[in-house]
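Asks: What follows is each chain in one-letter form.
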Amino acid sequence: MGAFGSPIHCSQRLLFVHSMETVLQVLIDGILSGLLYALVAAGLCLIWGVMDVINFAHGEFLMVAMYVSYWLGFLAGVDPLVSVLAAGAFVFLLGVLTYQLIVKYTVGKPPLAALLATFGLAMLIKNFCLNRFSPNFRILSDTWLGDKTYHLGELIIPIPQLVTGIIALLVIGLVYALINSTRFGWAVQATAMDKEAAELMGINTERIYLLIFGIGGACVGIAGGIMPTYLAVHPEVGSLFGLIAFICVAMGGFGSIPGALFAGLLVGVVESFAGFYIAPVFKYVAVFGLYLAVVAFRRKGLFGW
Amino acid sequence: MNRKSLRLLGCVAVAAVLCLLLAAGPAAAQQKVIKIGTIFPLTGPVANAGQRCQAAVQTAVEIVNGQHPGVKVPLAKKGGLLGGYKIQLVHADSQGKPDIGKAEAERLLNQEGVWALIGSYNSSVSGPASLVAERAKKIFMCGASSSSALTKRNLNYFFRLAPTDATESAEFVEVLKWLNQKQNANIRTIGIIYENTLFGKGAAGEAKKAATAAGFSVVVDVPYTPGATNLNSEVQTLKTKNPDALFGAVLGADYALMVKTMKQANWVPRMSINYCSGYQDPIIAKQLGKDADLFMGSNAYTPQFATLLPAVAAVEKIFKTKTKGVPFDGDSIQEAVAVIVLAQAIEKAGSLDPEKVVKVLHESTFDSPLSLGGKVQFAKGGQNIKAFSIVTQLQNGEYKRLYPAELADSKAKVVFPMKPWNKR
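Protein chains in written order, with my numbering: chain A, 1 to 305; chain B, 306 to 729.
This is chain B alone, in the form it adopts within the complex (with noise of 0.2 Å):
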């Protein structure tokens, strides 16, 4: 090696060593750092859930770590926590598929080193995930999840903002009841569609144990394979059977077809009503346009909740920053719930110790303007009691708040029976 080779090899070393101390310096200035995982299906076929439920995580991070005196929610103005700490992201893909899910939970967790975990909207992955972060004794904040048997297993660690399938499903009996008395609708019979997965079976179950114990007969059951080719027989089925009353548990793409499907079989149950799931999602309300008119759901916030929310508007600022300007929806808000409520026992604890701050989810009551509750309590096993949220009815693109009454739009009417397609 001659001399001129020995003199570059020394400047890229002193080079090499320059980058390294300078790479170093910000990480050393930034230590008091909260090391928060989220798990989310970025990809795969509910992804543009999955990716506002983590832009609604970022936005709430941003609003904690930051000072935002114009944003009205705890912790908004003090910039930071526990004088000075940071929440830090690691975000995972778990495709909206358990094994992934679980995978990716135990990576954050033994390899990134992450204190919690917020995830995972599909109740299938929030399942695995939350016992891997039990196992661990860390916490997992469960922002949209709906199956109640998430609550149901008791654990210590976990916490859902979410009302669960089975709250919906006896606000929905209670809809029913409602339209009988109030629009004397003699509704009696009742289909179900659902998604075969831990979701759809769990809204599924408990939407019968709901119809039964009130009276209604539940005649036709269909669950099909999610991301389908085509939903004929499906709707066949449901037409052929023509229950009064339409329960789906149906996400994403496959909301937007079991609509169109419908139209084409010229067929509608004289109402339909849907869990939080494709019913809800602003995009796809939007893209079927009219089609989407009629059907009724349970929403947590839609922008048409504005009223009732005052304080979502400066947080939905930020987050449509994040969603080329895309509004909340009823699953989006539960996760920046989530990570309200979590600084908040942070900051209550007054330390990071998990056990002490679980201590505090277990036995505080949280302020959340984001949530229709306006508060934020967990009972044992993790569920959110005062979670709730209003069943509208999609008129003319815009959810119209329908039940429970005291919070209904006052000038929304229901159109029940819900009109047959060649007469729209």
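Pulled out of the complex, with its shape left as it was, chain A reads as follows (with noise of 0.2 Å):
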């Protein structure tokens, strides 16, 4: 019996082995996607969070920082893992000034004003890089982290999203403790909760939205510096990124950061399983799926209040 038994025995754990890795692999895909989208959630959450306004140029924020990061690769052989700090500072001012231009002017408005006006400034943002780079695709070649992968048996482990999800953790934890434990976090949150009372408390609620916008910024052009490693560069590659964010921010609660990463983690992992395990033309299905049973139950979100 036992000679007939073990062979059989052997194949189903094999089989069994094999499902195994599989569900790992998937779910560790999921979760270095769900970082990333973590990433470029929280920026568009802290401004959403703070001042009520929609970004709607958010994906065309993370475009411009992998530009930022392309060129500088391209033209002066910065790597990514350090143009990351220039595509960070530069989407900081662009942040900063989009403040000043064009948000500064729809606070206080009606909702539809600020989104409007970012809208537009997506159309002028991408249209502006079709003109200028052309629509073709970018591919940074020849960089440190390149296509190198780590094999833990048979599970593959992509070194480049794997670092981008460490410094999501790094960006989204920072901002966190920036938030919660200083002066200025203290600050944020008091303009946050109620303008006018901060204002009467000496804070100067226009400098903290300006920064706001910046830090903002700063987050998703930390996630758009790192992206050329692996992802082609051209004028539409934000606008499908801006969406998913938007629907982290709205799932994870408005302004709440542990929100975001919840809810980026929630997203890669759903994408990558129903992907999987349903039809690969479902997973964006599944997201925005999700993302209505969760609006529909929680209306403020998983963490929202």
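FYI, nobody ran anything at the bench for these hints, they're computed from the structure.
Treat the hints loosely; a few may be bogus.
Mimicking EDC-like on lysine to aspartate or glutamate, the simulated pairs with C-alpha atoms at most 16 Å apart in a straight line are [what the hints assert, rightly or not]:
id	chain 1	residue 1	chain 2	residue 2
1	B	Lys728	B	Asp596
2	B	Lys457	B	Glu479
3	B	Lys591	A	Asp79
4	B	Lys443	B	Glu479
5	B	Lys442	B	Asp658
6	B	Lys337	B	Glu652
7	B	Lys595	A	Asp147
8	B	Lys443	B	Glu660
9	B	Lys728	A	Asp147
10	A	Lys300	A	Asp52
11	A	Lys104	A	Glu206
12	B	Lys595	A	Asp142
13	B	Lys546	A	Glu21
14	B	Lys391	B	Asp596
15	B	Lys340	B	Glu411
16	A	Lys148	B	Asp596
17	A	Lys195	A	Asp52
18	B	Lys391	B	Glu367
None of these values were measured; they are calculated from a predicted model.
Take the two lone chains, each set in its own frame, and fit them into one complex as the hints suggest.
Replies: If you want it as structure tokens, here you go:
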């Protein structure tokens, strides 16, 4: 009996091991995508939470950061791991300028004003890049991280995405600490809760808004700065990321940084599992379906208050 | 109003009238104009292909309108049509979206009053846009869209130059048989990855039909959302099923992402063959560098076909001035052919009556030194029955001609199976 039984047992175990590894691989892919989504979403979340402004140009900010990193790499040979700082700084400035020149005039107006203004900005940025850089796809080759992978048995962990994930956790952690444990952060929270009361307490809310728009930009700038390592840069690249960031923020709860992190991870994992176990074409359907379900039952999002 | 301001007003009025007269002057002199509308995705995810197609149309129009003794293409030396008519282009951007393409077709026909339309790269846009032209009884020349459904509608005013995905699917299956025979490849199973659009679904449907009929088994079928943020689940699905051969209908940046994701997942099929899409885009091939190597696909043109198509060089020289040095690819060259065939038909009809030109298009065979077929002839429904493409393999960044054997590069040898990523 045993002589006949053991091969079957073995093959079943092999099948199980194989499927366990597949599950883990799908999970790893999902978590790594999720961390990237969370980093992109963190910036949007901050702006939204403090100012009640939806920055419709968020995806385009990401695209601009990718171009900054790409051009630094292509023209000056700077690796994205270094130019991530320049991309972050550039989009910080872009955020500050956006606030100073556009968003400032929409604060206190109906929410649609800021939405339409930033939508216009998104069109402007996208078409500027299309005009200046052409619609061609640009891939940065020979980067430090390149296509490196780490093999853990049968599991494959892509190093560029892993590093992006670690950077995402660091940046999100820093922003969380900044908001919750510094005088600046308390001022931000006060401004978010009641702008007029915060002004009466001597907080320069105008400056808070300016910096928040800048920091929100820097978050997405850092995400975009690292991405040319593994994703082609072109003027349309930010669109879907912008939409997913919006979903992460709404699902996580407006203004909640841990919410954005959790929602980003959830979106990544759901996308990955739905894509593999249902059908690849359903991966975004599952994500948007989950979003609808969450906002139907918890209108303020998972971590909203 | 005092006298001084009256005088100023008078001067402004005179200047305005003068400007109007000056502007009207050349227009009056250029009345012999054939207005043709183009609809391409000039923005959006496949804008680089769309802009190249538009540049190809402009190149062909420049050749037809001017006198180019060095260009060995019909009508290049005449300088205009029907004894002095010049083609004037009116461009529109579909953004790759069917609804916008259709609206632009309506605008071009009804408001701009164009005589014919050329477009639209995306099969999903060419479909509705050509229906608008059909209703208006205007000619629609379609260069590159490959969905075979387009010419199955039996429209009267629609003419398509490129080979269909049905033709290409049949050719791909022949390549598999050829590999099985010559290389002992033992290919049995097929996977298909395609964008979830009219083009992708059409190509996948034809691929399944052709493969099943030839006794191959389609083990995995992966549609994906164009412009996806990642293709991890798609490639993971393919890797798990591990088909011997992979058919791809993947456009633009998605193609680059697919190749990169395959590399990260450390998986390649034994062979991968792609429809006229990201594979044959010279920019993508250059950007991907060595990673693009050993993939196969169909091309209607690449600069490596120069010996087969000697007439292209002079045309390509003009084309490159419009694309910052990027050469023709299989899609853009079809749009240039569309213009030259239409111009020949107008000339042969001797009239701008669309009915007469359509009759010529249906009944004649046209010389086409820019096409691999050498001739263009349309069947009922508008398909160019002389259209075909060559199956190539990228080796060290060059498209090597492999199939059909009579057009193959004598020095090129197919690399089979594809080398694993860690052994390249």
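Asks: Against this structure, judge whether each hint is valid.
Replies: Status of the hints after comparison with the structure:
Proximity of Lys728/B to Asp596/B is assessed by CA-CA distance (about 12 Å); at most 16 Å being required, the pair is judged to hold. Distance hint between Lys457/B and Glu479/B is unfulfilled; the C-alpha atoms sit about 23 Å from each other, more than 16 Å. Only pairs whose Cα atoms come within 16 Å are accepted, and Lys591/B paired with Asp79/A is rejected, the gap being roughly 20 Å. A distance of roughly 38 Å separates the Cα atoms of Lys443/B and Glu479/B; the hinted pair therefore is violated under the 16 Å criterion.
The hinted pair formed by Lys442/B and Asp658/B meets the criterion: a straight-line CA distance of about 11 Å does not exceed 16 Å. Only pairs whose Cα atoms come within 16 Å are accepted, and Lys337/B paired with Glu652/B is accepted, the gap being roughly 14 Å. Using a Cα cut-off of 16 Å, the hinted pair Lys595/B and Asp147/A holds, with the two alpha carbons roughly 12 Å apart. Straight-line distance between C-alpha atoms of Lys443/B and Glu660/B comes to about 9 Å, which keeps the hinted pair within the 16 Å bound.
At roughly 14 Å between alpha-carbon atoms, Lys728/B and Asp147/A fall within 16 Å of each other, so this suggested pair holds. Among the hinted pairs, Lys300/A with Asp52/A is consistent with the structure: their alpha-carbon atoms are about 13 Å apart, no more than 16 Å. Under the criterion of a C-alpha separation no larger than 16 Å, the hint pairing Lys104/A with Glu206/A is consistent with the structure, at around 8 Å. The suggested pairing of Lys595/B with Asp142/A holds, with an alpha-carbon distance near 11 Å, which does not exceed 16 Å.
Only pairs whose Cα atoms come within 16 Å are accepted, and Lys546/B paired with Glu21/A is accepted, the gap being roughly 15 Å. A hinted pair counts as satisfied when its Cα atoms are at most 16 Å apart, and Lys391/B with Asp596/B does not qualify at roughly 45 Å. In summary, the hint linking Lys340/B to Glu411/B is supported, as the alpha carbons are separated by about 15 Å, within the 16 Å threshold. Taken as a hint, the Lys148/A and Asp596/B pair is honoured in the structure, with Cα atoms around 13 Å apart against an allowance of 16 Å.
A hinted pair counts as satisfied when its Cα atoms are at most 16 Å apart, and Lys195/A with Asp52/A qualifies at roughly 11 Å. Proposed proximity of Lys391/B and Glu367/B is supported: the alpha carbons are some 9 Å apart, at most 16 Å.
In terms of the numbered hints stated before, the structure departs from hints 2, 3, 4 and 14, listed from lowest to highest.
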